[in-house]
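With the hints as extra help, turn the sequences into a complete structure.
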Amino acid sequence: MVERKELSRVTIRFSGDSGDGMQLAGTHFTNTSALIGNDVSSLPAFPAEIRAPAGSVPGVSSFQISFANEDIFTPGDQPDVLVAMNPAALAANLQDLPRGATIIVNSDEFHAASLKKASYAVSPLEDGSLAGFRVFEVPITSMNERTLAETGLTSQEVVRCKNFFALGLMYWLFNRPTEPTLRLIAEKFGRRQDLANANQLALKAGHAFGETAEMFSEHYVVRPANLEPGTYRNITGNSAIALGCLAVSQITGLPLFYGSYPITPASEILHELSRFKQFGVKTFQAEDEIAAIGSTIGAAFGGALGLTGTSGPGFALKGEALGMAVMTELPLVVVNVQRAGPSTGMPTRTEQADLLQAMFGRNGESPVAVVAPATPADCFNMAVEAFRIALRHMTPVVLLSDGYLANGSEPWRIPNAADLPRIDVQHAEARPGEVFRPYARDPESLARPWAVPGTPGLEHRLGTLEKEDGSGKVSYDGENHHRMVLLRAEKIARIAQDVPPQEVWGAEEGRVLVLGWGSTFGALRSAVQRHRREGRSVSHAHLRYLNPFPANLGQILGRFERVWLPEINLGQLALLLRARFLVDVRGYNRVAGRPFGINEIYEQIGQLYDAAPSPQVR
Amino acid sequence: MSTTAVKLTRKDMVSDQEVRWCPGCGDYAILSQIQRALPELGIPRENIVFVSGIGCSSRLPYYMSTYGFHSIHGRAPTLASGLKMARPDLHVWVITGDGDGLSIGANHLLHAMRRNVDLKIILFNNQIYGLTKGQYSPTSEFGKKTKSSPYGNIDHPIRPLSVALAAEATFVARTIDRDTKHMQQVLLRAARHHGTAFVEVYQNCVIFNDGAFDEFADKAWRTERTVLLEHGQPLVFGAQRDKAIRASGVRPEVVRLDDPALRREELLVHDEQREDPTLAMMLDRMTSPEFPVPLGVFRSVQRPVYDELMEQQIRQARLRQPPDLDAIFREGDSWEIKREG
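Just so you know, the protein sequences line up as chains A and B, in that order.
For the first sequence, my numbering begins at 118 and goes up steadily by one.
For the second sequence, my numbering begins at 360 and goes up steadily by one.
None of these hints come from the bench; they were simulated from the model.
Even for Gly, the Cβ is constructed at its ideal location relative to N, Cα and C.
Hints are all accurate, no fakes.
Here are the simulated lysine to aspartate or glutamate pairs, EDC-like style, with alpha carbons at most 16 angstroms apart:
id, chain 1, residue 1, chain 2, residue 2
1, A, Lys305, B, Glu690
2, B, Lys697, A, Glu345
3, A, Lys305, B, Asp692
4, A, Lys590, B, Asp375
Not the full set, but computed from the structure, chain A residues with beta-carbon under 8 angstroms of chain B:
id, residue
5, Thr348
6, Arg350
7, Ala408
8, Ala416
9, Ala438
What follows is the structure, encoded as C-alpha cells:
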C-alpha cells in the first residue's frame, strides 16, 4: 500500500544530457505545480556549449524546482530528489545532494560506455557509493521504448520522448495532475499528431509506472500556498523585463525601440520583444553592441522609448555611447543581465560584479541612475521604474539584472493593463517669440526638455562636446564645464526624492541588518525569516535603487549594531556604502557562479549574530 | 518622408554657429553645396536631421539650421539608423570622413548600406586624419609619410566605393569638392534616392594633405584625367572629348575616338542600374594616371528599404492581431488564487 505523505516544501532537480529535454520537463513540472496553487521557484542550469559531447559531464543540463505550501523565495538549496537520466548527470549533481535524498536513475543508461564518459570505473549503482541515499533504479529508456513500440516513430523520435516518461513518474510521485501537460503537448505538436500522441503516451506510462511498480512506498502531497488573491502565471526575469517595457510603451503611448546584439543571458529579451510588432515595438538586431546602443540613442533622440540590453562584456562595449547619452541627456534604459566575468567568463553563470562598471565604467564624471530587480517577477516592476526615471529625469538608467533572475522563474501576479501606473511624457513644443534652449532645466528635477526632430521651431544640434549651460552650444570654458559636471551629478542625486523610501523587513533597529541587492533577495529573505522565527533580532533591507540610494538609507544603516552585506562579487556595494555613509558594512562574498543558498546565509548570519558585538567576522 | 513643399533658400539652412574649419578647407564647399541642395527638396527644415561622428567633417551638423547630432567616433550610422527606424518620416543624413567612416566605424557603415536604411551618407575623403593633426588614414596611399608613418605608410589603402559596392549599397557615387556644380547634382540625386545613398567626396585638406587629388583634379587637366559618368552614355572624356573607355570583359582600356580601327559598339556604356555591381566595381578600380578617375553615380538601383520593411511588418502584425496588453500578460498558463472564505 502506497502511503500519502504531506510535505511543506520539496526541491527536485531534473538532470540529463543537453539533448534529453530536461529544461522542458522542468518547465512543465513548474507550471503544473503553480497551477495547483503551490508557490514555486525554478532555476535552469545548462552548459555554455550548445552541444557538449553527449553523455559527458560538461554536457549535463539541469532544471531545479522548489514548490511549497507557503511563500518561498528561492529555488531551494539542495534537491530532495534528483532525477538522473545518465551517469554524467549523477556525477555532476551528486555533491549537491544532502544525505537521505532520493535519487531516481535511468538504469538503462548505466552501461559501460556511458559510465566511461562520466569517468566512472565502476557503476555507482553497484559499488556502494550511493549508500545513504534512497536510490530508485528505473529502466526509463527501455520502458519508454516499449511504450512507443507501436507508434511507428523512428527510434530517435522515440528516445526524445523519454523526458516525458520521467516527468510522468514525477507527477505520480508528487501527486500532480497530468492534464495541463497533456493539453500543452497537444498544442505544441499540433501539426505532428503522431509526436503529440507519443509524448502523451510516454507521460501516461511514466505516471502508470509509479502507480503500479510497487517500487515507491510513499508519495507526496504539497498543499497549495496561501498567495495573495489574483491571477498568476509563471514568469522569468527576462520575460518580465520585456513585458515591463512593453507596458511602459502602452501607458506612455511612446513606441518602444529595442536595439540589441545577441548575448547570453540577455538574448531572450530580444526574442520576446521581437514578437510584439502589433504593439508597434521595433526590435533591431544590430551588427554589434555599440551599434545596438547607438541605434537606441538615435531612436531616443527621435522621441521613442529607447531600450538596449546586454550582458557584462557587451555593457563594457557600450560604455562610450552611454557617456554620449549622459552628455546629450537623453532618456534611455540599458539592461545589463550580469554573468560571471571578467571577460567572457562563464556566460551561463550568474554574478553581481558589474555594479561598479554600471556606476563608473565611463570616461569623465558620467553619472547614471542604477536600479536592480530583486526577483524574476520584480523585473517587471523595475523595468517600469527604470523608464519612469529615465523619462522624468532625462537620463540613461541602468537596469542590473543577472543570469539567475533572467532564467529563474516564479509566479507573477498579473496586473490589469488598465491599472498600471500612469507615466506622463511631454515632448517640448516651440513657444512663439522664444529662442529654444535645449539645455534649459526643470527647476525641480533639473531635467532638460525632450525636443524631437519634426517639431517646428525647436531645431537644435545635440553633441558630445561639452555644452554651454542653457543654450547647449559647444563650450570649452572651464568654469562652464565645472558647472555642467555639477549639474549632471545633481540631476542624478535628485532622483532620490523621486524613489520610494527604503523599507526594512523586520524590526527598524536591532542587532543585525542583512542588506542585499539584486537576485540574492530570496536566499537573504528566507535566511532572515528563519532567524526571526527563532527569535533573533535580524532584519533585512533589500536595495532596488542603487544610484541614487533612497533618501532614508543612511538613517537605517545607523540603527543597527551590525550591517552585513552578502554579494556575489568582492564587495562592490559595500565599497559604495562605506564611502557614502562611513558605516562599517561587512561583506560576505562568494563568486562561484551560483546563487547563495539559504543554509549558507543562515549559518553566516548565525555566526555574525553570536559574535556581535565582537568585530571578528569572516 | 514628408513631401510638403516649402520654399526655403540656402540662408534658411545656415545655423547661428560660426564655421570653424581651416581657411581654404574643402569642407566649406561641401557645406555650401548641401545648404544649396536641401531647399531644392522642398522638405521642411524640422524634418531634416544631420548625424555625424567625430572628425573635421563631423562638425558639419553644427552649421546646419536643421536638427543635428554630433555623436562619437565612427558611430553616426548607428544613431542615424536607429533614428530613421524610429522615425521614417524624417530625412536623415550621415556626415562622416575616411577615418570616422572607414576605420573606427567601418563595420557600421557596411551594415547600414547592406540593410538599405534610407540614409544619405556623405563621406569626406581627404586621405588623412585632420582633427588629430596629420596621421595616415585608411585611404592614405601606400608609402605615404605622415606624422605617424615617418618611414612611410605600410597599410594598403581601402577604396570607399568598392566597400560600398561590396555591401551592395543601392546608390553609390563620387564627386569632388572643387567641382561644386557636379557635387550639387550628385547630392541632389543622393537625396532623392530611395534607400541608402553613399557619396564619396574627394576633399582637400589644406593643412595636412594639400593637393592630394591634384594629379587628376586640378582644373588645368581635370577634363583630361577624370571622366563624368552618365547613365546610358559611353565614358567619353578629355578636353576635346576625344577619348573613351573600352572594356574587354572586366578589363578597361583607354581608346582614342579618332582611332580608325575603333568600333563604337566596343565602347563601354555606363549602366548605373545594373543589379550586378561588378562593372561599377571595375570603374572604381580605374585610377590615375593610367585611367581617368570616374566621377558621378556608379550605381543606382532599387531594393526594399529597411525602415519601410520594419513598418510593413508592424502593419501586417496589427492586421493579424490587434494589440492587447492584457492578452500578452496572460499568455501561457495562468491560474486564479481566490481569497479564502
